[in-house]
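Colleague: Protein chains in written order, with the working numbering: chain C, 1 to 282; chain F, 1001 to 1282.
These are calculated hints, taken from the structure and not from any lab test.
Predicted model, so just to flag it, every value in this text is computed and none were measured.
There is no bait here: all hints are sound.
Below 20 angstroms or equal to it, Euclidean Cα-Cα: the simulated SDA-like pairs (lysine to any residue) are: (1) C/24 with C/55; (2) F/1091 with C/227; (3) F/1233 with F/1177; (4) C/276 with F/1208.
Non-contacting residues of chain F with respect to chain C, defined by C-beta distances greater than 12 angstroms in every case (computed): (5) 1075; (6) 1077; (7) 1082; (8) 1100; (9) 1180; (10) 1184; (11) 1188.
Quick reminder that beta carbons are idealized off the backbone N, C-alpha and C, glycines included.
2 protein chains.
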Amino acid sequence: MVLSIFIPDSILCEESTLRDKTIKLGFIARACSIFRVGKIYVYTEEKRVYERDYHVIKSILEYAETPQYLRKHLFTKSNVLREVGILPPLKTPHHKPYIKLDEVKVGDLREGVLVRRRGSLFVDVGLSSLIEFEGSGSEGERLTVVFTKVGPSLSCRRAFNHEVDTYWGYKVIRVGSLGKVLKSGFSGLKIVTSRLGVPINERFNALVNSVIKSDNITLIYGSPKKGVYDILKKEGLKPEDVSDFTLNFVPGQGTSTIRSEEAIIISLSIVNLILKTFALKR
Amino acid sequence: MVLSIFIPDSILCEESTLRDKTIKLGFIARACSIFRVGKIYVYTEEKRVYERDYHVIKSILEYAETPQYLRKHLFTKSNVLREVGILPPLKTPHHKPYIKLDEVKVGDLREGVLVRRRGSLFVDVGLSSLIEFEGSGSEGERLTVVFTKVGPSLSCRRAFNHEVDTYWGYKVIRVGSLGKVLKSGFSGLKIVTSRLGVPINERFNALVNSVIKSDNITLIYGSPKKGVYDILKKEGLKPEDVSDFTLNFVPGQGTSTIRSEEAIIISLSIVNLILKTFALKR
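All chains, full assembly: derive it from the sequences and hints.
Modeller: Here is the structure:
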């Protein structure tokens, strides 16, 4: 089952400092990791307006998702990453601790980066030496490897998708306008979240029935200043035209607004509850 | 229906700066407000160890809950409140905006503070003049008033509980050790949250049946370093001895740990879903 979210490039528009933007993104990274989100799509709310924020979103979400020992390979010092010290650790299975080489077992998975030494490819997997790599790729490429040989000399190869049997982080993917992307054959169950949506309690059974039948579930969020209704209106669309449900996940909310990071963790909590509680009963 | 939470005085033990503690408490204040939590009980994890943090918790949660126009009356400048500028606004119904005196209607509710002028009691409700108060009380007292007269001269009286028909913030209440408090006649449905609890999907129907019958629901959280099992063990108790359910609200979590503020908003999301979806069907 692949769980994805759509957030706008304007999601940081109410945070004025980089520190506040980093805190918000750290919270979103945590929420996505807790609930095993595989893909974070960042859609363009308004062309050219949020370029700088998009860069912040992508850099910080990807930085948070990268195992600590790979960050020096994959990120250069950048002004955008000035506040990453406050990011909470994700503590996901793919952020593996340092272990001794003789503790590595055949079949172990690890995130790594390809490096070239004397003409051959090795992988830096954050251990005390580089690991011989069986296969091809380009220097600087990040990849998931599986150990094929241990003992005095270790080697590894690229892992197949089916070998990764636990949560392995998220990808951040830039897309164009929301309506266009969702209309152009984007598959799976699509759920728009909106204060103006139908209260979840009124569609709960229908939602459960759809969720448990789906291999691919996508939750769609608006921006702090504009809900999904307004964002789609510019493209001449309504949420119903591009999604299966438009739901208010917090019926009876005690606050007049709900912030993006709150909306994300709240709706993921409920989708996870449904997946775990009802999917077993099919 | 009254919704309450129990948090330990050690809840800030992993945040080293006041800024980080303030951010965490701001998030908890928001989660409680979104889901209309009425009471936040702060229990003592270990006597005398977290006195300073308890003071931070109480001051900041109460500051966040107080309408902006009353803060100058109720809080003196204090080192503990140095970072409150970063607290997100709660935007609850009891945080009312400034309006003109001639827009006030009989029956309107407002939070205020009693002040004495020339021997009589008035209420500062954050409008352009103090309001005549019908009743008794002591200067500096915070209270909810209802307007009884408008026009050129306005007056108000203390509101009865039953007149407050919307979410009106939370109270922060200090209590002793967790086991002692819960055992000494603490009533209502008590739900311990724990990674070691039964996965919520396995008890979902039982939980629904209990939640919809309860007028009083309390969620109980452990500390970042010690779960509720460990905390109660010191008192020779188990969660089952003091609660109705001990549940893991995030079956299949993608991260090895869940932070307190995340656990709070996740479990409140699910309890709210149950209340709204199933309570109507009785």
